[in-house]
Amino acid sequence: MAHAAAATAGRAHERGLDVYTQKVGMWIFLCSEVMFFAGLIGSYIVLRFGASDAWGEPGEVLNVPVTAVNTFILICSSVTMVKAFAAAQEGDQKSIKIYTLATAALGALFLGVQGYEYTELILHSEWQGSHGFTPQAGLYGATFFTMTGFHGFHVFLGVVFLSWASIRAFRGHWGPNNYQGLEVLGLYWHFVDLVWIILFTIVYLI
Amino acid sequence: MDWSLPLNLSTQGVVIDRLFWIIAVLTGVAFILVEAGIIWFSIKYRRRDGQKAHYTHGSKKAEIIWTAVPAVILAVLGIYSGGVWADIRGASALPQDALTFNVVAKQFEWNITYPGSDGRIDTADDFVVRNQFHFPANEPVIVRLESEDVIHSFFVPELRVKQDAVPGMTIPIWFEATGTGEYQIACAELCGLGHYSMDAQVVIHDRADFDAWSAGQAAGN
Amino acid sequence: MATIVAEGTGQAILEEHHPQTFLRKYMFSTDHKIIAIQFLIYTLFFLMIGGFLAIMMRYQIAWPDQTLPGGGILPESMVASGYMLPEFYNSLVTMHGSIMVFLAIMPMLVGVYANYLIPLQIGADDMAFPRLNMMSFWLMVPAGLLTLASFFVVGGAASSGWTLYAPLSARPDLSGVELGQIYWLLALVLIGLSSILGSVNYITTVINMRAPGMTWFRMPLTVWALFITAILGLLAMPVLSAAGIMLLFDQTIGTTFFLPEGGGQPLLWQHLFWFFGHPEVYILILPAMGFTSEIIAAGSRKPVFGYHAMVWAIISIAFLGFVVWGHHMFQSGMNPMLGLSFTISTLLIAVPSAIKTFNWMGTMWRGNLHFHTAMLFAVGFVAMFAIGGLSGIFMASTPVDIYIHDTYFIVAHIHYVLFGGSLFALFGAIYYWFPKMFGRMMNEKLGKVHFWLTLIFFNLVFFPMHGVGMAGMMRRIYDSSGYAHLQGIQDTNALITFAALGLYASGFLFAFNFFWSMKKGKKAEANPWNATTLEWQTPSPPMHGNWAETPVVYHGPHEFSHPDVEDKDWLAQNERPDVVSPAGGGH
Amino acid sequence: MSDHAGEHKAPNYMLIWLYLFILTVAEVGVAFLPIPKAIIVWSLLIMAFWKALLVAMYYMHMKWEPTRLRLVALAPLPAVAIMIIVIMMEYV
Amino acid sequence: MRSEFLKKVSVLVAAGAMAACGGGDSGGGDPGGDAGGGEAPAAAQVDPATVGTISGTINFAGDSPAPTAIDMSAEADCAAGYGPDGPMSNNVIAANGRLANVFVHLTGVSGGPAPSGSVQLDQENCRYMPHVLGVQVGQNIEITNSDDLLHNINASPTENRGFNISQPRAGITSNQSFPLAEVMVPVRCDVHGWMQAYIGVVDHPYFGVSGPDGSFTIPNVPAGTYTAEAWHEAYGAMSGSVTVTAGGTATLSFDYSSDMAGAHVPLGEPLVIRHGEHGIEVHRGAQD
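Protein chains in written order, with our numbering: chain A, 1 to 206; chain B, 1001 to 1221; chain C, 2001 to 2587; chain D, 3001 to 3092; chain E, 4001 to 4288.
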């Protein structure tokens, strides 16, 4: 129960989750994020069943190769994130700096590729005889942009926090006694990655 | 003050009203027991000098009783309700070959498509009348509900019928009137600023009168 | 997230014992007690606004052919030539419901009392994430401002009912309301975020910050109720946010999630809304049940009858709360097969409510009942909630629901649950915990007058609505005079309106008592009700950090009238069992 | 958490990364195979679930967390399942 | 339509500004106001030496369409106001070789500020009176309900911001205006599906509506040569040229015929909005 005690400055406590408070908070927050994306993904599934002819085949409109690369970028950012956490636990200051910065950069790269993808879709694609695949392009466009857009928004928030974490890394903030922040941020980041894994499959590939 | 269910004019209304009153009696008894208990306890156990409350954390037996009794009553009620519901709205409840009307709701009108002289809907002699729903008594009729714009709800109190009309869906309902007369369709789902005045005439005829009316309308068109 | 991450360790909490500026202490405070009081003022304000909207509505219903008194000061888009316009009436209907649910009752139950009571009752010094807590209040402020502003934009406030049924809510060309609807949806997203942040905080605090000895089954029922409520909010609110955002897109950028002309589905909105909406109903009643249990136990000087049964009832209500939402949609065109399963689950959820009612009566049975104002309201809650619960059985029965769905019977039901239930319990809670919050007692005489007036007027308003509903009066209609079947109930409608005026007026008695007592009330001791839970074992009001030293818990929460205690009829949770050792409490 | 760090050897994060990479490539490959759509859909869903599970178990450390925390993390899933299944029944 | 959110917000801002400027003095002067809405209100200062009048007729060739009856059988209150023939539509009136309800306006001109008087739109026996009316940009439209029942007034312009308001009983009036020129703005009542009106919104006072005899007059037109445009809901739009001399009366006629039924009826043609020295200037796209 050492961690529980640490969380509240030495006060004794009844047994909780046996995990420090910030981590509990983040997991509980992620529960609500699960419900948020469930609302969006559930609507997508239901709408798609209701009007299946309005959806394109994989690769027909959406650029699967580019997105596959983007998926790979996000997976890489997850591994750098977890490496940063491991480095913090071991006190390897140089690795902490490299990995937090790399994670933020990969996140930003993901957003850049997504921005490129959006631009291409809106300006240079054809869908059901009309020019441009936009949020107004029927349910397919609406669900696509809403789901990937909200995921992108989460990535954006993650990049903001990661930049902040990198600044702290360069100030030597993280270390074996102070890695909780990175772990909690990591949980968020991996969750965003996890959501993308689901979205990539059901939006682009199915 | 007229606090009762209005006149019932449909076969399913008989069952609905009966169920209503069954529930009213059940809940009425529970209501009296609970409220009388609260008042009785409030008076009997009100604070008195030197009185000390009875120390108890509860009784397993009591818990079991007051869990089981409502559970059993409610389960029976649920099963009974389910049976009635299936008779009214179940997939196989829709009568075969009944006279069918299309009722299309829009802000803030009811447009009723009549089957015309051949008695069949979706044929060339169908005609549409705005805000007037005539139909024959003593036989099941089917209403196919549609909406052009927002959600409306088809409500005829005397027929104990209520069903939302949802844009993009066609929802069939049926009923059988047991008497004739003039009543109203009311819209029961908030549909915009004219919601309150979205009424239409309901005229229930004898079959012969209905046929005569229908022929007259068809001729007028 | 920044806050969670930045929180570091609990060190931050302790640092705030230093002297602070007014702004830090009362505006941007991170002290859960100050935030609770901020929420209390905020919600009382919106309670007053929401009530006023209802009064205007009632006037129109009772005298549809009369001009609205004082209506001349309102813009022509609301009142034209002295008459209230139907679109304004629809806005009143919508915003009365929305404000009462989202800006008054819910934040009062959760924002005020979860904030105030959770740390105090479990023996924590503050919330797990104090800054997140502050943020959850300050997110509500723009939400409230947006809501108020929405009345005065072109087209007026949202007017598609608090349920915001699409397509009406998504089509300004059909509703006449565009900006008002957008404002309200934005407010709803903010409220959702605030509520989620609050829930994260409450859940984490209860899980990880209980004082030593405060085992799960020694937690007061209020904490249990608020904890389960937070879980409901955590899981239900995001779904509403997602749905609300989709509706916002439908309205602004031209998507068609809920619009059939673009392949969307109006029923999907209803499913998502009620997937949130039904747990929301329990968010609005569970905390009230918790307060009631607490107040009745203290007022009866008896332990809560069937504490474990009460806890399991709360938990089962929460579980079942996620599988009953379809009962709002029996007449919506939903697959009738679903109707059957939803009937069963709905009737099942009545069982735990019955259990709770019987246990409250069991608590009063053979007690030594002290009828202070809080106790009166708590007993009033049981009596009124019973009516609300019983009238719910009519709707749960699908065939009966065909007739009473969307009539005033439903209006009566929801108000017996939300006003007779939640608000009665809230009044009780305010009278009960006021001394702890402000260090002064509320005036008991005024309080009792307030109770009796409220009880009488409340029943005069809402009981006749059952009759109006049976007569077939549809909800949300501006003028019933055009319907033959409603001719007989117009005098009832007038009676209801008179009583509603009385009910609203008695609210001002309460407001006077509240603000007067804040300044001039009798000084309160630490434990004016001789109650057992932890919050009463620290000064009124508690100091920053709540405790001189961390309490240690030895008993269950409501050890009143223990036979082995001689000199008094209560035993605080943190009193050492030197005199007696009640076996762990709770059994 | 230092106590936890002692309980388990840090997993080979790169190996998990390789798994994820291979599964992603496999997914993209399967999506364009000329086989019945149902098989594609189910195999894709299984692979996506597998990947999500890898991330949750290893990167989010679920594998080493106390059971209590795992239960918290799983709590919303029944609600998700109920929501989607029931709304889907509109089409049955 | 809903996709053009930003544009509508900008229109809304314009509407707000307009209301702020013009709302104060409604009900004031212009006693000679045109209850029928058929004629343009006189501009404030007119030098009679420089202006002339356009007077004309709308001719109609071919078989006149028979007046259509409205089925008000479910609305006893509406039907009560009519004689033995029952309620007839006033939408398309063509008789004796003349066509009524044609909106005629000059194009390519801009006029002064909106007059302070209001244009009336009445709802009487569940019909709009008049059926076609013209109004200047920003000018107040006073909408009155003379029936003791609910009407709603649902204006659905494409360039301006629409409104959807109601008048639940007799004697209620509401005031509305449009900040942008638009020919024409359709208006309907959703409670009584047959009720329709059209409002021509132009940014000058040079417009008129043909009466039952097919005639219209546009007074106080500065001397010059103009293009005039006529619009009819069933027979489409056409344009003609007219030269106005100071102090004279120019004649202008349009020839419609029954075989034009079903012609393209433009509603709310796209506008070009630009910021000129007198604030926002609006031109029909076709004229630009």
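Note that these hints are calculated values from the structure, not bench results.
All values reported here derive from a predicted model rather than from experimental measurement.
Just so it is clear, CB atoms sit at the ideal spot from N, CA and C, and this is done for glycine as well.
Hints may contain errors.
[Stated by the list, open to error] Partial pick of chain B residues on the chain E-facing surface, computed with a CB cut under 8 Å:
id, residue
1, 1107
2, 1109
3, 1127
4, 1130
5, 1134
6, 1137
[As the list claims (entries may be wrong)] Computed, partial: chain C to chain E, Cβ under 7 Å:
id, residue
7, 2080
8, 2086
9, 2176
10, 2338
11, 2530
12, 2569
Notebook entry, point to check: What hint numbers does the structure not satisfy?
Noted result: 3, 5, 6, 10, 11, 12
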